[in-house]
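Enquirer: Under this note's numbering, the first residue of the sequence shown is numbered 1, with each subsequent residue one higher.
Hint data in this document are derived by calculation from the structure and do not stem from the laboratory.
Take these hints with a grain of salt, some might be off.
Result set (DSBU-like, lysine-lysine): computed pairs, CA atoms no more than 30 angstroms apart in a straight line [stated by the list, open to error]:
(1) K99 / K140
(2) K127 / K71
(3) K27 / K127
Cβ-Cβ distance ranges computed for the label pairs, FRET-style [said to hold, decoys possible]:
(4) Q51 / A76: 35 to 43 angstroms
(5) Q74 / S132: 18 to 26 angstroms
(6) S130 / Q48: 35 to 43 angstroms
(7) Q48 / N87: 15 to 23 angstroms
(8) Q92 / V56: 17 to 25 angstroms
(9) K91 / T134: 25 to 33 angstroms
(10) A113 / D70: 28 to 36 angstroms
(11) K59 / Q32: 32 to 40 angstroms
In this text, a Cβ means the ideal position worked out from N, Cα and C, and glycines have one as well.
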Amino acid sequence: MPIRMPNWLLIVVACLLFSAPGAAEQKKTLGQWDVHYIVVNTAFLTPQVAQAYGIVRSKYSALVNISVLDKQNQQAQNVDITGTATNLLGKQHALAFRKVEEGEAIYYLANIAFDDMETFRFVIDIKRGSASHTLKFQQKLYAE
Numbered sequence: 001m002p003i004r005m006p007n008w009l010l011i012v013v014a015c016l017l018f019s020a021p022g023a024a025e026q027k028k029t030l031g032q033w034d035v036h037y038i039v040v041n042t043a044f045l046t047p048q049v050a051q052a053y054g055i056v057r058s059k060y061s062a063l064v065n066i067s068v069l070d071k072q073n074q075q076a077q078n079v080d081i082t083g084t085a086t087n088l089l090g091k092q093h094a095l096a097f098r099k100v101e102e103g104e105a106i107y108y109l110a111n112i113a114f115d116d117m118e119t120f121r122f123v124i125d126i127k128r129g130s131a132s133h134t135l136k137f138q139q140k141l142y143a144e
């Protein structure tokens, strides 16, 4: 069941995501989708927000946030999303995404534990009907 997030929480999360050092949102166009993604240290979330949405808050935990929009009309897409994060030593972590809906917006969130200055290669598989695309990116994570 999707989680409903109040508007005030979206504002708090957006402010934290865009004010966090090195946590700029990124976008890739995959077929008919614009896929927005960001990975941010959860220490920037307030304890209340983290508890309310089951987010592990730690300087050694990051939040992966993915949103998928239709490239033409920019409407949020309801998709199936799975993924992995693999560090440079080859240790693979499965990402357990959960869907969060707020009005017209849909976000897919997953937590990942990390060591300071650990680099991960993220592979995110996105599917909707017969459409399927893979988002790949690499990011170094820092304990803040």
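Enquirer: Which numbered hints are broken by the structure, listed smallest first?
Expert: Of the numbered hints, 4, 7, 9 do not hold.
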